[in-house]
Amino acid sequence: MEYKYIGKDAKRPSAVERITGKAIFVDDIRLPGMLYAKILYPKYAHAKILSIDTSEAEKMPGVVKVVTGKNIKHPFGDCLHDRLPMAVDKVRYIGEPVAAVIADTERHARAALSKIKVEYEPLPVYTDALDAMKKDAVLIHEHSEKYFYVTPLYKPTPGTNIAITYEIKKGDVKKGFKEADVVVEDEFNFHHMSSVAIEPHATIALHHLDGTVEIWTANVGPFAVREQVAEFFGKNISDVRVHIPHIGGCFGYKSDPGIEPLVAYIASFVPGRPVKLRLTRKEDFTSTFIGRGIRARVKVGATKDGKLTALEETLYLSTGAYADTGSNILIVAVQTSGGVYYFPNAHVKGYSVYTNTPPVGALRAYGHPEAEFAIERIMDMLARKLDMSPIELRKKNYITDGKTNVVGEKFKKSDGDLFKCTESVLEAIPPKVEVKEDENYLYGVGYAGLIKAPKAATFASKGCHIKFNVDGTVSLNMAGGDVGQGLWTVARQIAAEALKMPPEKIKVYNEIDTQYSPWEWQTVGSMFTFQGGNAIIRAANKAIDALKRNASLVLKRDPDMLEYDGEYVYDRSYPDVKVAVKDICRGYVTEDGTTIGEVVDVTSYFRLPGVQGPDPETGMGRTGGSYTMGFQGCKVKIDKRTGKVYIDHFATSIDVGKVIFPKGAEAQVLGGVLMGIGETLMEEVRFKENGEIANPDLIRYKLPRIEDLPGKQTVKFIETPDAVGPFGARGLGEHPMIGVAPAILNAIYDAIGYDFKEVPVTQDMVKKVLEEKGLTVKDKEE
Amino acid sequence: MKREIKFTLNGDPVKIEVMPNEKLLDVLRDRLGVKSPKHGCGRGECGACTVLLNGKSIRSCITLAIEVDGQEITTLEGLEKNGMTELQKSFLQHNSFQCGFCAPGMTLTATELLKKNPHPDEEEIREAIAGNLCRCTGYKNIIDAIVDVSKKG
Ligand code: FES
Ligand code: FES
Chain A
312 MEYKYIGKDA KRPSAVERIT GKAIFVDDIR LPGMLYAKIL YPKYAHAKIL
362 SIDTSEAEKM PGVVKVVTGK NIKHPFGDCL HDRLPMAVDK VRYIGEPVAA
412 VIADTERHAR AALSKIKVEY EPLPVYTDAL DAMKKDAVLI HEHSEKYFYV
462 TPLYKPTPGT NIAITYEIKK GDVKKGFKEA DVVVEDEFNF HHMSSVAIEP
512 HATIALHHLD GTVEIWTANV GPFAVREQVA EFFGKNISDV RVHIPHIGGC
562 FGYKSDPGIE PLVAYIASFV PGRPVKLRLT RKEDFTSTFI GRGIRARVKV
612 GATKDGKLTA LEETLYLSTG AYADTGSNIL IVAVQTSGGV YYFPNAHVKG
662 YSVYTNTPPV GALRAYGHPE AEFAIERIMD MLARKLDMSP IELRKKNYIT
712 DGKTNVVGEK FKKSDGDLFK CTESVLEAIP PKVEVKEDEN YLYGVGYAGL
762 IKAPKAATFA SKGCHIKFNV DGTVSLNMAG GDVGQGLWTV ARQIAAEALK
812 MPPEKIKVYN EIDTQYSPWE WQTVGSMFTF QGGNAIIRAA NKAIDALKRN
862 ASLVLKRDPD MLEYDGEYVY DRSYPDVKVA VKDICRGYVT EDGTTIGEVV
912 DVTSYFRLPG VQGPDPETGM GRTGGSYTMG FQGCKVKIDK RTGKVYIDHF
962 ATSIDVGKVI FPKGAEAQVL GGVLMGIGET LMEEVRFKEN GEIANPDLIR
1012 YKLPRIEDLP GKQTVKFIET PDAVGPFGAR GLGEHPMIGV APAILNAIYD
1062 AIGYDFKEVP VTQDMVKKVL EEKGLTVKDK EE
Chain B
43 MKREIKFTLN GDPVKIEVMP NEKLLDVLRD RLGVKSPKHG CGRGECGACT
93 VLLNGKSIRS CITLAIEVDG QEITTLEGLE KNGMTELQKS FLQHNSFQCG
143 FCAPGMTLTA TELLKKNPHP DEEEIREAIA GNLCRCTGYK NIIDAIVDVS
193 KKG
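Chains as they are written, first to last, in the numbering used here: chain A, 312 to 1093; chain B, 43 to 195.
Be careful, since some hints might not be right.
[Stated by the list, open to error] Covered by chain B, per the in silico footprint, the following chain A stretches (three or more residues, Cβ under 8 Å): (1) 546-560; (2) 786-797; (3) 898-912.
[Stated by the list, open to error] Capping the alpha-carbon separation at 30 Å, the derived lysine-lysine pairs in BS3-like fashion look like this: (4) B:K57 to A:K333; (5) A:K955 to B:K157; (6) A:K974 to B:K48; (7) B:K157 to A:K951; (8) A:K696 to A:K859; (9) A:K486 to A:K457; (10) B:K193 to A:K1027; (11) A:K322 to B:K193; (12) A:K867 to B:K158; (13) B:K98 to A:K333; (14) B:K157 to A:K333; (15) A:K593 to B:K194; (16) A:K315 to B:K182; (17) B:K193 to A:K974; (18) A:K322 to B:K44; (19) A:K1027 to A:K747; (20) A:K853 to B:K182; (21) B:K44 to A:K1027; (22) B:K44 to A:K593; (23) B:K57 to A:K1023; (24) A:K319 to B:K48; (25) B:K182 to A:K319; (26) A:K731 to B:K182; (27) A:K1027 to B:K131; (28) B:K157 to A:K974; (29) B:K194 to A:K1023.
Hints listed in this document are in silico derivations from the structure and should not be mistaken for laboratory results. Ideal Cβ positions, reconstructed from N, Cα and C, are used throughout, including at glycine.
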């Protein structure tokens, strides 16, 4: 099919603002009478609070109020209400707010913090799920039985540190392992990392004197923020208004309510005055959501000709001090444990366990990289045991037309072509390394498949409001946050295609405001193109129908005898019988001035069709709805002297159904792969034994820099049209990160014959292995 | 003790009283309303706050405001007085940025380079912007845009 606007290059709405530094981010906003808050953090990662004395702090210059958690009546949350905006009688992680000072300037607020006196009784600290699960472990939440949960899926296990337990059972694993000729078993660990957007978190909250609340924040879930804040204060949802200006990068940790409930709580002590909290980089590490943190024990069985027979796996998520936001990560990891492979039998169990770290929340593709790291590594190990090529083994077991994943969802042809993805990566990076070693380097190649579904709430929808203007242009309003991924561009292109008009005539919203924006769940799960695109098409069709109804009054033809081309509505058999869209979009003014017809101003919504919650007994069900699959591979070279891993070439091929905005799609892959390289080779939030974070800055927490770029990157898109996606398109944004870690670790094995089972794999770890294996070379002069 | 300093900001004279330990970034953003320099880390680690001091790029988050007394400061607001620069147009062309939070710092750093060396090779470009962090883009489209400009003129 030939498209006019999608799949073509396009101008990005807001690109000029962003490039020229004119885009307004939260910290650029200053409201009249604004006050500033600074937060006091505990000395211990786990302790009872015995007393807080704020009297000295209150006397400090510029101080308006000192706030503690004592006014908090109940916890809040989304799926499991176990969160607190500020500590009440105990602290559960090192970055937990204990008190806040509100002052006229940040400087004054900061100065007063040191005058607050807090007495603690320290408790044992756990940073790893396995420790927190031990029988004699002290409880981090003593009364988890009291927490509200939306469905039994999110029910904690009282008397233990286990928050969520989730289990799936497919077929008969015992039988599956009996049929196996070969069994491989191992353990993997995906350490915690942070989203680290270059814009740290910032929020402004204002409690108006009439009791309504207004919030300005960087978050892609404005409606979730609104609902949770309203619920926390016992207010009407409609009385909380959330504004989202430009967002300086999200990557997950700005998608669930984070610091917003905290700032709203603090601001409630100074009604009528806006209060701004902007986190320092250190606080951004210690006091917002971190990501990953999953251990996996995996066992797979296969016949000697390489057919997978069974998967048995246990996952442990060290979920941090509060489990609400981590619950779905654990669930998704369990549901994704089989990766792109068909297992006739599977038994997978996952635990999310309270620990004394910042809460785990969303981070690009959450649940998927963790689970697929384990399965993609073990596929290589299995191939070795079977003496089979890892590519052959993978291809033999891909989920294809008619096969089911571990939760029993049946795949169709229209879900994508993994074989084509694999071929195009192999074309870029052939599976045999010509020279495995030279004087300075060892070389290797490695591959991994990838798969991801949005994994949203079953009611998750996106809305689109289309308003025709009297000059024939269109205003398009939605609530999807463009954090840089290019969502506004995609929205405009899809609208242009659906409305048959050039993108220049369509103005896309550039700000989200829960007071005006159509409701949407959250801009998460790489599903804006899919859901939002369909909402746009629905709204466009609704608007076109309205235009035709108006035209039918003017042209005296039945509406279904009319055609629309973006500029005119006309009689399909006599195209000269026509009326201009601009003349009928607010009704039609007849010769005598009477106006007939309707105003063309419509809203439509779209949700993933048929997605369901998992069955309470078996954990199975149509929980994904729409999948995007792909394949990644890389060639590494390892410096024999230093152990540094260089990515010579990285190739990604994803079946996106249909590319809407080619430059944007490519940019998502380039950025996603580099972020994947970060989590594979350098990024880790490291905890000391006492729960402190050892590296809360950009020197010790290593972000990928220019020198870490792959020597070459190949990006290929396969386009097998999706049955439901707009113009056949599927989600893409998070996916490029998923296969990076296993592909690199598989390549490292190929180069040095050592199986790393955790990420990140740092230079020192590689160097140590090289030394042990006698693979290093020493400089002559040494 | 507060002290009065005078400096040139984007070509215009500025006179302001500052505390001896006040950072240039805070003075620019919070007191003078110059918003393009961004606060990314406050410790000289990310480059988001980069401004030009007499044409040389500095990190305004670790520069004391009193240090720029009598000097010349340029931010994006100054560069763009006559509309977008060639470099910015090239960024636009190459879809160089995503969220754009790193763009001001990146742009000023690259501007300094191109002024000193109008035709840098790719290695020199990479080196010049190596200290500016970007989480979104994977850098490639930023480098390509600068390479493009370096080939012109
Ligand atoms: S904010 Fe100055 S270098 Fe990061
Ligand atoms: S474009 Fe987002 S940090 Fe560079």
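Quick rundown of the hints versus the structure:
1. 546-560: This one holds; 4 residues, not fewer than the three required, reach chain B with a Cβ under 8 Å.
2. 786-797: Satisfied; 4 residues make the cut.
3. 898-912: violated (count 0)
4. B:K57 to A:K333: 24 Å, holds
5. A:K955 to B:K157: 34 Å, violated
6. A:K974 to B:K48: 45 Å, violated
7. B:K157 to A:K951: 40 Å, violated
8. A:K696 to A:K859: Violated: K696 (chain A) and K859 (chain A) sit about 66 Å apart, past 30 Å.
9. A:K486 to A:K457: 40 Å, violated
10. B:K193 to A:K1027: Holds, at about 28 Å.
11. A:K322 to B:K193: Holds, at about 24 Å.
12. A:K867 to B:K158: 70 Å, violated
13. B:K98 to A:K333: 22 Å, holds
14. B:K157 to A:K333: 23 Å, holds
15. A:K593 to B:K194: 42 Å, violated
16. A:K315 to B:K182: Holds - the C-alpha atoms of K182 (chain B) and K315 (chain A) are around 28 Å apart, at most 30 Å.
17. B:K193 to A:K974: Holds, at about 22 Å.
18. A:K322 to B:K44: 48 Å, violated
19. A:K1027 to A:K747: 26 Å, holds
20. A:K853 to B:K182: 41 Å, violated
21. B:K44 to A:K1027: 59 Å, violated
22. B:K44 to A:K593: Distance ~28 Å between K44 (chain B) and K593 (chain A) Cα, so the pair holds.
23. B:K57 to A:K1023: 50 Å, violated
24. A:K319 to B:K48: 51 Å, violated
25. B:K182 to A:K319: 21 Å, holds
26. A:K731 to B:K182: Distance ~26 Å between K731 (chain A) and K182 (chain B) Cα, so the pair holds.
27. A:K1027 to B:K131: 27 Å, holds
28. B:K157 to A:K974: Roughly 29 Å between the alpha carbons, so the hint for K157 (chain B) and K974 (chain A) holds.
29. B:K194 to A:K1023: 25 Å, holds
In summary, the structure is inconsistent with hints 3, 5, 6, 7, 8, 9, 12, 15, 18, 20, 21, 23, 24 from the numbered list given earlier, while agreeing with the others.
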